[in-house]
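Enquirer: Each chain is listed here by its residues.
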Amino acid sequence: MMGRKQLCRFLLAAAAALALPAGAQVTVGVTVSSTGPAASLGIPERNTVALLPAEAGGQKIRYIVLDDATDTTQAVRNMRKLVSEDNADVVIGTSATPGSLAMVDVAAETGTPMISVAASAKIVEPVDDKRRWAFKTPQNDALMAGALAGAMARQGVRTLGFIGFADAYGDSWLQEITRAAAAKGIRIVAAEKYARTDTSVTGQVLKLVAARPDAVLVAGAGTPAALPQKELKARGYAGIYYQTHGAANNDVLRVCGKDCDGMVLPAGPLLVAAQLPDGNPVKQSALAYIAAYEQAHGAGSTNTFGGHMWDAGQLVAAAVPAALSTGARPGTAEFRAALRDALEGLRNVPASQGVFNMSPADHAGFDERSRVMVKVENGKWVYQPDL
Amino acid sequence: MDTTIALILAQDGIVNGAIYALLGLALVLVFAVTRVIFIPQGEFVAFGALTLAMLVDGRTPATAWLLVLAGAAVVLMELARARRTGLWRGLPRTLLACVALPFFLLWLAPRVAGAGAPLWVNVLTALALVVPLGPMLYRVAYQPLAEASVLVLLIVSVAVHFALTGIALAFFGAEGWRTPAFVEGSVDLGFAVWSGQSLFVVGTCAALIAALWLFFGRTLYGKALRATAVNRRGARLVGISTGMSGSLTFGLAALIGALSGMLIAPVTTIYYDTGFLIGLKGFVAAIVGGLASYPAAAAGALLVGLLEAFASFWASAYKEVIVFTLIIPVLLWRSLSSRPAEDEE
Chain H
198 MMGRKQLCRF LLAAAAALAL PAGAQVTVGV TVSSTGPAAS LGIPERNTVA LLPAEAGGQK
258 IRYIVLDDAT DTTQAVRNMR KLVSEDNADV VIGTSATPGS LAMVDVAAET GTPMISVAAS
318 AKIVEPVDDK RRWAFKTPQN DALMAGALAG AMARQGVRTL GFIGFADAYG DSWLQEITRA
378 AAAKGIRIVA AEKYARTDTS VTGQVLKLVA ARPDAVLVAG AGTPAALPQK ELKARGYAGI
438 YYQTHGAANN DVLRVCGKDC DGMVLPAGPL LVAAQLPDGN PVKQSALAYI AAYEQAHGAG
498 STNTFGGHMW DAGQLVAAAV PAALSTGARP GTAEFRAALR DALEGLRNVP ASQGVFNMSP
558 ADHAGFDERS RVMVKVENGK WVYQPDL
Chain C
111 MDTTIALILA QDGIVNGAIY ALLGLALVLV FAVTRVIFIP QGEFVAFGAL TLAMLVDGRT
171 PATAWLLVLA GAAVVLMELA RARRTGLWRG LPRTLLACVA LPFFLLWLAP RVAGAGAPLW
231 VNVLTALALV VPLGPMLYRV AYQPLAEASV LVLLIVSVAV HFALTGIALA FFGAEGWRTP
291 AFVEGSVDLG FAVWSGQSLF VVGTCAALIA ALWLFFGRTL YGKALRATAV NRRGARLVGI
351 STGMSGSLTF GLAALIGALS GMLIAPVTTI YYDTGFLIGL KGFVAAIVGG LASYPAAAAG
411 ALLVGLLEAF ASFWASAYKE VIVFTLIIPV LLWRSLSSRP AEDEE
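Chains H and C, in that order, give the protein sequences.
Taking the numbering used here, I'd label the letters of the first sequence as residues 198 to 584.
Taking the numbering used here, I'd label the letters of the second sequence as residues 111 to 455.
No lab work stands behind these hints, which were simulated from the structure alone.
Given the structure is predicted, the values throughout are model-derived calculations rather than measurements.
Now the stretches of chain H that chain C is said to cover, found in silico as 3 or more residues with beta-carbon under 8 Å:
| no. | region |
| --- | --- |
| 1 | 224-237 |
| 2 | 384-392 |
| 3 | 401-411 |
C-beta atoms are modelled at their ideal positions from N, C-alpha and C, and glycine is treated no differently.
All chains should be modelled from the sequences, with the hints used to inform the complete structure.
Expert: The structure is reproduced here in structure tokens:
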């Protein structure tokens, strides 16, 4: 039997044992844009953090989430805070490209690996002294543009009209699709711009229709992508409608209604996970994510942006055991360096949007398995294996 | 560019211009009566449209809860004022407007939303939910500072704008909404085909402007507002309450904003932050009118709408630049042609 003194000592020891791992656990800092212009990306990303692995390699993982309001300065401030005050071992974020690019500098300066959930290839290419520390989970625009140009060629498109956001997203797409289309012998006959909150795109659409292209590509993200689509339909444009993966979002279909029927877009396989063949390596992780997200937020609430955060979580969980095996303790500079090396060494990690194969030259790690062509039929996303 | 394209662009410009005209009028009105440069005017556009969209979608708009909270804030401020001054007379009315009404609407909204009611019932409910926010906003944010300088009031406006945008994001989410059209089909006017909805927008705007004109010309309250706009101190001397004028003005501004939002929600997608840019264009129109003249503001609004439509055809990447650059020559011309107005302070 234990005496009272022994009991006290035992309790003290237990309390100490419980308190100790707090210092030893892996800390993942997250900054996302859950307010501001990129909120439609940041909100599902923030919601996804709660579903990420709580443990890897026998080590608890602690997540700290901050909002940067789609503000580049705030994203940098958040990253500094996460690294210096919270002692983060790895930082995930942020939702938009400008903030992510600025965070790369902090990552290199403090020797902290970061995993961006923004799309631009510039965040991780080319891998130099600074970008050694930067990784990202979304597909490169170039990959999506290549898929889109391939589908256009197969559908017999010779001339293309383009309407996109008057910001980095639209500009990057115009650049990528010009390159990819040229490779397939497709000519761009009109390129128009519009703003996310525009209430009318009549002028741009009239100009597109007047140029008589075989097909039109709308490069917008989220519900604003529906406006040119609806206007083109209203003006009786009869060619093929293409969209980018930014429109792969159920809210777009809600706003767009039957005007979106027939539009074709490239997307992460997550969008049509249930329709993928069983042999597809992505299917399992994608379905697991959808089940977890919809249990927390209701049926039909998943969107592909949250999938990028889920994938970042899978990368961390896959890299932590290798980093721990070097003997470095979480919270130290050695551990951060080991974690970076482990992230770079990841091979064949299946996630919700594709299969990651990182290498010292490629910190995005996705191949053709990370995109599928999808067509909207009767208000549903339908997988198109032949496009 | 041929005539057909020019006509379609002109139609687009006039429809947008009509909305900017309404907002421009509201801005001129608010500035004339209370000296507030009402940046959050656009937020009422978003609140009106999105509240209606939520009701049509069968959900209870969170605006109902905002109304309850804002009402509670007003009551607390009124209680504090009554304790300080010992004047308890106005309190029953405040309680009725700021406690009974919000709770009644909170009870009513889910019943209307769920029932698949006709569109006009939803419109009226949405208006009832949004419009009282105007006077409450005035009571909470502006009335305590009614005698402050224009600059202070402007800073308060900026703060209110950010607060309302944040609240709208929390309430309605980041994605956009549309509402069903008031009028289906299109009308052939001989030289061009107009969609029924855009004719409805222009018609409603014209009717609203006429109604405002009658209100200011024929009714006692309208005349009181005009008197306050001409000379605040003089109006007070003849017994027109500044607080009453302010509340009434903000109520009108909220009504105009919410109606504008509901008018354009069927033809465009409305986001929680759409209102700011629309309001800003209304502001450009109001500046053309020197923040004082209603007809000049309406003409300026049409100019902004047309300029925007044609700019988006010729140089879509520079559309906003072109529209907002309009302010510079207008300001230059105004500052050269008119003597500086007498400052009341």
